[in-house]
Amino acid sequence: MKVCDVAEKFSLKPLSVADSSREITGVYIGDLLSWVMGRAESGDAWITIMSNINIVAVASLADVACIILAEGVVPDENVCITALQKGINIYTSDKTAYELAAALAQCLL
Amino acid sequence: MSEAVRFHFTVDGDDFTSAGQASVQVKKNLRTLGIAPEIIRKVSIAMYEGEINMVIHAGGGEADVLIFEDRIEIHLCDNGPGIANIDLAMQEGFSTAPDNIRSLGFGAGMGLPNMKRYSDSITIDSALGKGTKILMTVNLS
Ligand SMILES: Nc1ncnc2c1ncn2[C@@H]1O[C@H](COP(=O)(O)OP(=O)(O)OP(=O)(O)O)[C@@H](O)[C@H]1O
Ligand SMILES: [Mg+2]
Chain V
1 MKVCDVAEKF SLKPLSVADS SREITGVYIG DLLSWVMGRA ESGDAWITIM
51 SNINIVAVAS LADVACIILA EGVVPDENVC ITALQKGINI YTSDKTAYEL
101 AAALAQCLL
Chain F
1001 MSEAVRFHFT VDGDDFTSAG QASVQVKKNL RTLGIAPEII RKVSIAMYEG
1051 EINMVIHAGG GEADVLIFED RIEIHLCDNG PGIANIDLAM QEGFSTAPDN
1101 IRSLGFGAGM GLPNMKRYSD SITIDSALGK GTKILMTVNL S
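Top line first, the protein sequences correspond to chains V and F. Note that this note's numbering has the first sequence beginning at 1, numbered continuously upward. Note that this note's numbering has the second sequence beginning at 1001, numbered continuously upward.
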């Protein structure tokens, strides 16, 4: 399912919409950056509560389809600006990581 | 054999907001060169972890990426404090990162293990007070 369709279906709030036609092929949940770097797969939706600027480079290099910030987390504005420049999709949601993953599972499994 | 394509970067040691920039640039360059996506991902991840380590643990350093016909080499060089026990540092979960760095999501002790996992070979030359030199190779065939 495409990032834009998932965002609409689950009312994710867009923070950086850079390439929303990207296909989501899996999910990875984690806040420790080198775990995400090593274990997330290309095309995953990355669910996290980590919101500092370093998530943009990690998302880019791990090649995830999008970042979904859980628990209503909102990053600094410069994070969203950089993400847009680097082609990274970021959304936020009031749902917990578990609720988001369960919702995504409906579309992916 | 033809001359290698080379990219050189100076990695800033005290700018966390731009940490990872060299790796992001390398990813872009490799894409332009038409390198396969799986290879780009391996190089990107291995280099990012090394780049971040130079920022966090060594106050910055130099990075060189050389592209040969059969392999990509990532050379990292810093004049930081060096690694006291390389075997220990290579273990998953070992980290000396301070709390302020951990609060940014670093310090899981997974960087060096990722570098080993995503490169086809890695050599680490480091000693206390002497800095750290790392060579990672990703095969192209
Ligand atoms: N370039 C370096 N100079 C000095 N010490 C280093 C260097 N790279 C790694 N180390 C030492 O090796 C340890 C393990 O490195 P590793 O990258 O695996 O974990 P980390 O950087 O602490 O955390 P993470 O990479 O998961 O964010 C570091 O905590 C640090 O003590
Ligand atoms: Mg590290």
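Honestly, the hints are just simulated from the structure, not real lab data. Even glycine gets a Cβ: it sits at the ideal position worked out from N, Cα and C. Do not rely on the hints blindly, as some may be mistaken.
[What the hints assert, rightly or not] Ranges between beta-carbon positions, derived for each pair:
id, chain 1, residue 1, chain 2, residue 2, range
1, F, 1127, V, 106, 33 to 41 Å
2, F, 1010, V, 52, 38 to 46 Å
3, V, 43, F, 1140, 17 to 25 Å
4, F, 1007, V, 109, 23 to 31 Å
5, V, 78, F, 1079, 24 to 32 Å
6, V, 21, F, 1128, 35 to 43 Å
Hint check results:
no.	hint	in the structure
1	F/1127 with V/106: 33 to 41 Å	violated (54 Å)
2	F/1010 with V/52: 38 to 46 Å	violated (23 Å)
3	V/43 with F/1140: 17 to 25 Å	holds (23 Å)
4	F/1007 with V/109: 23 to 31 Å	violated (41 Å)
5	V/78 with F/1079: 24 to 32 Å	holds (30 Å)
6	V/21 with F/1128: 35 to 43 Å	violated (51 Å)
The structure fails to meet hints 1, 2, 4, 6 from the earlier list, while all remaining hints are met.
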